[in-house]
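Given only the sequences and the hints, what does the whole structure look like? Please build it.
Number of protein chains: 2
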Amino acid sequence: MPKPKYVYFFGGGESDGDATMRTLLGGKGANLAEMSNLGVPVPPGFTISTEVCKLYYENDKQYPAGLDEQIDENLGKLEAALGAKFGDTENPLLLSVRSGAAVSMPGMMDTILNLGLNDNAIKGLIARSGNERFAYDSYRRFVQMFGNVVLNVDHDEFEHLLEEKKKAKGVELDTELEADDLEALVNEFKNAVKQRTGNDFPDNPRQQLDMARDAVFESSGNPRAITYRRLNDISEEMGRTAVNVQAMVFGNMGGTSGSGVAFTRNPSTGANQFYGEFLINAQGEDVVAGIRTPLPVIELRNILPDVYDDLVKIGSNLETHYRDMQDVEFTIQDGTLYMLQTRNGKRTGQAAVRIAVEMVEEGLIDKETALTRVPANDLDQLLHPSVDPDAQVEVIAQGLPASPGAAVGKVVFTALHAEELAAAGEKVILVRTETSPEDIGGMDAAEGILTARGGMTSHAAVVARGMGKCCVAGCSALFINEEALEFYAEGKRYTEGDFITLNGSTGDVLDGQVSLIQPELSGQFGTLMAWADEVRSLNIRTNADTPDDAKNARQFGAEGIGLCRTEHMFFGTGIDAVREMILADETAEREAALTKLLPHQRSDFIRIFEAMAGYPVTIRTLDPPLHEFLPKNEAEIRELAERIGVETQKLSERVEELHEFNPMLGHRGCRLGIVYPEITEMQARAIFEAAVDVAKRGINVLPEIMIPLVGHINEFSLQRKVVVDTAETVFKETNTRIEYLVGTMIELPRAALTADKIAAEAEFFSYGTNDLTQTTFGMSRDDAAKFLDDYVRNGVLEYDPFQILDQEGVGSLLQIGSEKGRSARPDLKVGICGEHGGEPNSVKFCYGLGFNYVSCSPFRVPIARLAAAQAVIEAED
Amino acid sequence: MPKPKYVYFFGGGESDGDATMRTLLGGKGANLAEMSNLGVPVPPGFTISTEVCKLYYENDKQYPAGLDEQIDENLGKLEAALGAKFGDTENPLLLSVRSGAAVSMPGMMDTILNLGLNDNAIKGLIARSGNERFAYDSYRRFVQMFGNVVLNVDHDEFEHLLEEKKKAKGVELDTELEADDLEALVNEFKNAVKQRTGNDFPDNPRQQLDMARDAVFESSGNPRAITYRRLNDISEEMGRTAVNVQAMVFGNMGGTSGSGVAFTRNPSTGANQFYGEFLINAQGEDVVAGIRTPLPVIELRNILPDVYDDLVKIGSNLETHYRDMQDVEFTIQDGTLYMLQTRNGKRTGQAAVRIAVEMVEEGLIDKETALTRVPANDLDQLLHPSVDPDAQVEVIAQGLPASPGAAVGKVVFTALHAEELAAAGEKVILVRTETSPEDIGGMDAAEGILTARGGMTSHAAVVARGMGKCCVAGCSALFINEEALEFYAEGKRYTEGDFITLNGSTGDVLDGQVSLIQPELSGQFGTLMAWADEVRSLNIRTNADTPDDAKNARQFGAEGIGLCRTEHMFFGTGIDAVREMILADETAEREAALTKLLPHQRSDFIRIFEAMAGYPVTIRTLDPPLHEFLPKNEAEIRELAERIGVETQKLSERVEELHEFNPMLGHRGCRLGIVYPEITEMQARAIFEAAVDVAKRGINVLPEIMIPLVGHINEFSLQRKVVVDTAETVFKETNTRIEYLVGTMIELPRAALTADKIAAEAEFFSYGTNDLTQTTFGMSRDDAAKFLDDYVRNGVLEYDPFQILDQEGVGSLLQIGSEKGRSARPDLKVGICGEHGGEPNSVKFCYGLGFNYVSCSPFRVPIARLAAAQAVIEAED
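In the order they appear, the protein sequences are chains L and C.
Under numbering that gives the first Met the number 0, think of the first position of the first sequence as 0, with each following residue one higher.
Under numbering that gives the first Met the number 0, think of the first position of the second sequence as 0, with each following residue one higher.
If you are wondering where the hints come from, they were derived from the structure by calculation, not from laboratory data.
Mixed in with the good hints there might be a few duds.
Same chains, same names: a pair is fine if it fits in one copy or spans any two.
[Unchecked claim] In silico EDC-like cross-links for lysine to aspartate or glutamate, where the CA-CA straight-line distance does not exceed 20 angstroms:
no.: 1; residue 1: 785; residue 2: 656
no.: 2; residue 1: 649; residue 2: 638
no.: 3; residue 1: 312; residue 2: 389
no.: 4; residue 1: 785; residue 2: 677
no.: 5; residue 1: 166; residue 2: 68
no.: 6; residue 1: 756; residue 2: 797
no.: 7; residue 1: 53; residue 2: 433
no.: 8; residue 1: 631; residue 2: 655
no.: 9; residue 1: 828; residue 2: 760
no.: 10; residue 1: 785; residue 2: 655
no.: 11; residue 1: 785; residue 2: 584
no.: 12; residue 1: 189; residue 2: 155
no.: 13; residue 1: 2; residue 2: 15
no.: 14; residue 1: 53; residue 2: 217
no.: 15; residue 1: 166; residue 2: 179
no.: 16; residue 1: 720; residue 2: 789
no.: 17; residue 1: 631; residue 2: 659
no.: 18; residue 1: 76; residue 2: 876
no.: 19; residue 1: 720; residue 2: 677
no.: 20; residue 1: 785; residue 2: 585
no.: 21; residue 1: 631; residue 2: 656
The structure presented is a predicted model; accordingly, all values stated were derived computationally and were not measured.
See the structure below:
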């Protein structure tokens with residue numbers, strides 16, 4: 000039996016490993032081996048495999064027999080390759096030790112540099128560098144890094160000693176300390192270690208290496224790493240770390256040395272140009288530390304032209320090899336280039352689209368690969384205006400990034416005033432403590448919305464996202480006085496007419512008018528979307544309540560409306576008729592009020608059907624509890640009573656009567672239509688009269704009437720009968736007949752659990768995952784913010800289930816509902832119309848369950864299209 | 000092939016059918032045949048089987064070939080047996096026609112009497128009865144009954160003519176009309192029929208019979224009957240009716256004739272004595288009409304001793320034959336006794352127990368049969384005081400029968416005053432618009448609770464049932480002015496100190512002090528309970544929050560506590576410490592306040608553990624949202640702020656901050672303990688310190704700590720860790736170790752759906768079906784009353800799911816949760832602690848799912864014990 004192999008050498012143009020051995024060697028180790036195989040200049044070293052990590056934990060933290068010998072053997076190889084020796088006074092072997100699992104994972108030990116230094120080796124480092132201060136600073140840093148990370152001495156202990164030293168010397172900056180100060184510090188640091196741990200600081204380089212290795216393996220089992228793995232669904236296997244031991248190279252050895260980071264393409268724009276920064280006579284950490292200003296990498300061409308050419312060529316080769324844009328780290332030691340790391344580079348949404356499309360054009364990748372290269376959510380960055388990154392800004396408050404994009408406008412405090420100013424051609428920002436359905440008109444008129452209260456799923460946030468409008472919500476640092484028409488932020492008073500700018504992607508509220516960049520849906524975006532449409536099978540619809548929303552959504556590629564909320568129409572011009580209906584004592588009175596509403600609804604439906612010609616339009620019957628249509632406080636009640644000519648007393652009583660302790664679980668949804676069938680009848684009449692009107696003009700119309708909040712088949716049956724009877728009446732009156740469906744929203748656990756019964760009569764299901772999440776978790780969106788933040792921050796939940804569908808809990812109801820539903824009606828049309836319809840993971844989940852469509856806000860339609868394509872590609876793998 | 004048989008003769012000591020043919024002949028027909036077989040004198044007749052009903056509906060309302068011949072044949076047999084002939088002027092054959100399905104079912108046509116009368120037959124009836132007025136009155140009634148039921152002429156048409164007649168004659172009562180008036184009416188009735196239907200009233204008796212038969216079959220398909228069958232889960236087969244055609248006998252033919260109803264045992268007390276009423280010279284309907292006062296059946300012994308002896312003997316034989324108490328109808332015609340019907344008699348709960356136990360003693364039935372003879376819910380009548388049925392009462396208002404029993408006391412309007420007066424020895428009734436958790440003390444002190452608002456599951460109702468205390472809720476006819484300390488009912492003003500009486504079993508509010516009957520848990524009750532305990536396998540626990548509740552429940556046979564709500568302790572003496580905790584800005588402050596609460600909780604737990612020695616006690620950690628502990632209105636806030644020495648402003652802000660839109664879905668349950676682990680820690684400490692204290696005194700203590708409102712395993716893990724760590728600390732401090740379990744309440748759909756994950760760490764599940772019903776249906780108990788009444792009344796839902804467990808929807812979550820839970824932990828202990836735990840159907844459902852226990856209010860423990868035994872017996876069948 001051959002001895003098991005635990006340690007893998009790399010360097011000198013050949014290696015024991017390669018890029019395919021990511022699981023065994025970790026990402027970093029596999030890429031170092033691969034680069035070495037490709038002939039890329041990599042400082043040699045070796046990787047202790049993740050298998051050792053596994054055995055370490057399986058065998059009560061004992062290492063397998065033979066490991067030590069293999070490490071010794073590889074160290075020997077390394078010493079031979081470099082002509083250096085551990086602890087040598089002339090050419091000491093110095094090492095970096097880094098962790099590296101198959102997937103990048105925070106929480107584990109990062110890096111120990113300069114390992115191998117002791118009171119002998121320091122002499123060698125001084126000799127080689129010719130720089131005593133550098134040598135002792137490296138030694139000081141090594142003791143500090145090792146003492147903290149490996150020996151668990153508090154970081155502050157060392158910082159305290161450093162401060163004392165600076166005070167004693169009367170200097171302010173670390174860099175002002177001289178070589179002998181640093182030499183003294185090395186000893187003070189070692190004494191501190193002795194005092195804290197009871198042991199001498201290890202001087203033996205081999206012992207230092209063993210202890211560093213132990214620390215890496217230990218760190219992979221620490222709570223933060225475990226939590227991260229659990230939260231990110233990283234398997235135990237993929238979470239095991241390797242230990243990378245590599246020869247140190249120094250970029251700070253003079254004018255022909257340096258360090259830098261570079262990208263093979265521009266990570267902001269995606270342009271195919273080598274891009275990056277470097278510093279001459281500096282180590283890697285100096286490039287990012289910001290004390291010296293790095294130079295653009297193109298400048299290297301003037302300083303070390305051969306090195307620059309090598310670097311660009313290596314970058315290009317690596318990109319071609321990995322078939323993706325690379326992010327590389329390099330060090331130049333005495334005019335020799337070394338690559339320390341390569342990995343796929345992070346990029347903006349815009350860059351991702353451009354790189355993906357151009358790489359297809361260059362023949363580097365195929366279209367399907369291109370589609371997987373753009374995180375669907377990142378498209379959001381392309382679809383909204385954004386704050387000019389070069390603009391000078393003053394942040395006056397920060398709220399939640401409730402709806403992305405940016406907006407500039409004058410502050411207004413009422414929806415009415417917003418509408419007036421907008422009508423007069425002004426750009427306005429609507430500032431409210433919180434918004435309510437009555438503010439819809441003003442929200443629509445405003446460029447952006449700012450609220451002091453409410454979370455990511457508050458009314459303002461949900462509506463703004465639906466409108467694709469920038470919104471900063473829950474900005475509790477604002478003191479808004481709506482009556483005085485003013486707010487305070489950072490001690491400054493803002494009144495109506497003052498300009499502010501919102502950044503809905505970060506939650507920043509900015510003073511004054513900041514310049515914005517408008518989105519350009521480049522040709523490459525269109526190309527990628529077309530590829531996505533070729534691949535995907537899931538239909539993408541939109542949630543749209545108005546003809547304008549519908550038109551907008553068509554431009555983003557929506558193939559129908561998945562949710563048209565009719566109550567938004569009730570809040571418009573018809574609001575007083577709605578109130579008359581609510582105040583009616585008898586059915587006849589209620590019907591009279593409803594008759595007034597009919598023409599409003601009908602004309603809205605006509606325009607929506609026109610906008611969605613040829614595509615299905617799902618219309619939900621009235622959903623919110625009636626009290627939402629009535630005023631809340633006394634003054635408003637008095638005002639309304641006078642206006643519509645009812646007694647204040649009566650109006651007050653009705654408001655009181657309709658009050659609910661838990662409106663979310665109250666008299667709403669189909670429960671309204673069942674107690675007051677005349678409401679459903681009026682709505683059905685408006686829908687069918689509109690449909691007939693449009694159809695008669697030769698436009699293809701496909702209405703789907705959706706009954707909300709059904710929990711029991713009897714509820715659906717009763718409402719379905721009202722719709723069908725009304726349809727027949729209208730068809731008879733107009734002597735026309737059109738095709739339509741009647742289905743239901745599945746938004747209660749009971750509906751999913753009894754879906755077979757419901758599907759016997761319902762022709763389609765649309766999961767209302769917002770409400771379904773509320774009832775499945777027993778959490779109200781409006782109230783959960785108080786503890787949900789705490790939950791997500793502390794890892795009780797991985798994410799806010801109102802933003803990302805909870806596949807385990809809510810998802811299992813989606814599965815049960817669809818399976819039971821299709822058991823009763825095999826051709827049942829199934830979709831989703833909650834906010835999750837535009838969230839990529841949720842879209843993929845719906846594809847996996849065999850849904851027919853997802854429906855989301857107009858601005859998220861492109862995201863859903865891409866996610867749907869990715870779902871197909873991922874399922875093929 | 001023999002001809003199919005559709006018609007079954009009975010009478011003359013032998014019949015075509017018997018009691019086993021209930022499905023084919025209906026209950027009435029089968030019993031008539033059986034009685035005839037037994038030699039009981041039954042007027043002869045025949046039954047058209049339910050098979051005909053089936054064929055009628057299956058074949059587009061056509062009768063099967065051969066039916067007419069069989070009817071003719073049986074009519075001939077009947078005429079021969081009686082020596083009578085259809086339409087005969089001397090001895091006309093007169094019939095009663097009645098419907099009768101396998102199960103008794105309202106909504107179907109009831110009875111047509113005197114069928115066969117026409118202008119010829121009337122002569123025969125006059126001749127036979129010697130009573131012209133009687134004969135015409137019978138004719139008049141026949142035309143009216145037939146006209147209404149068979150020919151669908153409005154009942155009012157006939158009543159109107161009758162009124163006109165009385166007016167014309169200047170009399171007030173029907174009985175004052177004379178023979179010729181009635182004769183005239185017969186013609187007027189027939190004219191009315193002709194006018195309405197366009198056809199002559201049918202004179203041909205055979206045609207009358209066919210039409211009556213048709214009407215019976217038609218009525219079994221009418222909407223009311225269909226709805227009833229759907230609501231009561233009656234299969235199509237069991238819902239089909241037969242038609243019973245039987246010779247008329249007349250109890251109104253003179254001094255040796257009569258009619259009566261009787262029970263073979265006393266249906267109120269269960270005493271084994273023949274019991275009933277009769278009238279001489281009267282028809283059956285006169286006995287119940289109340290115009291003449293019937294005599295006790297014992298009197299018959301003096302009037303017609305032989306008939307009486309026959310009657311008692313027949314009753315006794317029938318009881319022995321059916322092995323159950325019989326409810327019989329009889330008619331005496333000219334000194335000859337006829338039995339018209341026998342069926343198992345309805346009885347009170349008390350009678351049911353006595354009869355069941357005595358019949359076992361008499362050897363009539365076995366114990367298991369006895370257990371099935373008492374509807375479990377009827378035990379409720381035995382367990383509470385009740386209004387003396389002989390008392391004179393004045394009902395001043397009616398509300399919902401929210402908690403059974405009766406109570407007398409002085410009106411009080413505040414919980415505080417209730418406590419004060421009760422402490423002074425007064426009996427009080429707490430009258431509130433609605434109650435809140437702060438009223439607990441006053442509710443406990445009161446004899447009964449009366450509220451103007453809230454449904455069967457309002458706070459008042461739930462708490463009162465838990466306390467076994469009488470409650471009338473949602474009595475909207477009351478005008479309560481809490482500030483003026485008064486209420487108005489029926490225009491009368493009641494103030495503090497006025498006496499009222501509540502009947503919680505009917506919802507009646509009575510004026511003054513009405514005398515009550517105290518429950519006597521007779522020896523027979525104990526005997527039956529002992530038999531139930533022998534049979535059942537399900538454990539019965541109780542929901543008890545106080546030591547008194549716990550003691551009480553033990554007396555009712557509870558085998559442990561399934562739910563001890565600790566927040567009830569928070570509302571007691573510790574309320575101000577609770578408020579300090581809520582107002583605390585920092586953890587240390589919160590801990591200080593909690594330290595004050597610790598001794599209160601500990602001493603309560605000690606007394607509960609003592610009361611439940613040897614039985615498990617499930618204690619739920621804090622559940623309600625914190626705002627429930629704070630005052631709501633300004634005055635109360637001001638008062639509290641002063642008392643506990645905080646600024647009113649601060650208290651107001653905290654109240655505002657804690658406000659929730661949907662408290663049911665808000666920051667409550669384990670979400671409190673996760674954000675404030677120190678609360679759970681204090682509660683765990685109180686539990687374990689109490690347990691150790693009790694255990695050290697040699698009392699067996701079995702604590703089970705239950706974490707509420709868990710939706711995700713992580714929530715449970717975190718809370719479990721706090722409990723386990725605290726237990727270990729207390730065990731170390733006290734040098735004692737006791738066994739305990741940590742489990743969770745399953746009250747959210749997500750918990751049931753992910754039960755396998757949760758059971759990996761939880762040692763028991765207890766379904767909180769109140770909350771689970773709310774979230775599964777998306778209906779709040781507090782708000783649902785507004786539409787749930789409408790739902791149940793109109794058959795949208797069969798029943799209120801907060802009262803009877805929804806087996807289809809909520810039940811499927813119970814099943815999913817238990818199966819998944821036990822897949823992860825085969826010995827998982829599973830129970831239910833919602834209100835449904837004391838509802839017999841739900842108890843049986845839980846038995847079917849293999850639960851270990853149900854837990855319910857102390858007063859429902861005997862009901863659950865009996866239901867659990869019945870579940871076993873029914874499963875054996």
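So, against the hints stated earlier in the document, which numbers end up violated here? Violated: hints 3, 5, 7 and 18.
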